[in-house]
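Chemist: Sequence:
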Amino acid sequence: MKVWFNKVHDSRRSLVETDDPVIRIGRDTGNTVVLQSPLVGKQQAVIRRDNGLLTLENLGINSCVVGKDRGAGGTDLRVLTR
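Residue numbering for the sequence shown is 414 to 495, as defined by my numbering.
The hints are simulated quantities; they were obtained by calculation from the structure and are not laboratory data.
This list has only true hints and no planted wrong ones.
Label-pair distances were calculated between CB atoms; the ranges are:
1) Gly443 - Asn475: 17 to 23 angstroms
2) His422 - Asn464: 32 to 38 angstroms
3) Leu428 - Arg461: 16 to 22 angstroms
4) Leu428 - Leu466: 17 to 23 angstroms
5) Ile474 - Gln449: 15 to 21 angstroms
6) Thr468 - Asn419: 17 to 23 angstroms
7) Trp417 - Gln456: 16 to 22 angstroms
8) Asp423 - Lys455: 17 to 23 angstroms
9) Thr468 - Gly443: 17 to 23 angstroms
10) His422 - Leu466: 27 to 33 angstroms
11) Val429 - Asp463: 17 to 23 angstroms
12) Gly465 - His422: 28 to 34 angstroms
13) Ile474 - Val447: 14 to 20 angstroms
14) Thr442 - Gly465: 27 to 33 angstroms
Please read all numbers here as calculations on a predicted model, not as lab measurements.
A virtual CB, placed ideally from N, CA and C, is assigned to each residue, including glycine.
Starting from the given sequences, assemble the full structure and let the hints guide the process.
Modeler: See the structure below:
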């Protein structure tokens with residue numbers, strides 16, 4: 414799975430590639446994607462791949478943005494893969 418992401422206020426994109434069906438995002442260094450920001454929780458979000466569908470589960474209280482969709486804390490966003 415390839416996941417491209419931008420850090421807030423940074424136009425450069427970063428890429429994470431993994432064969433794992435789960436990607437963990439947060440400040441903690443044990444996450445797949447580590448974001449050093451006081452606005453990001455230690456375990457902010459989890460992305461899961463299942464049958465061509467990606468689901469981002471927002472574990473934190475702050476919102477997560479996927480494309481133009483914003484998910485408030487505790488919500489899920491579903492994205493079709495290409």
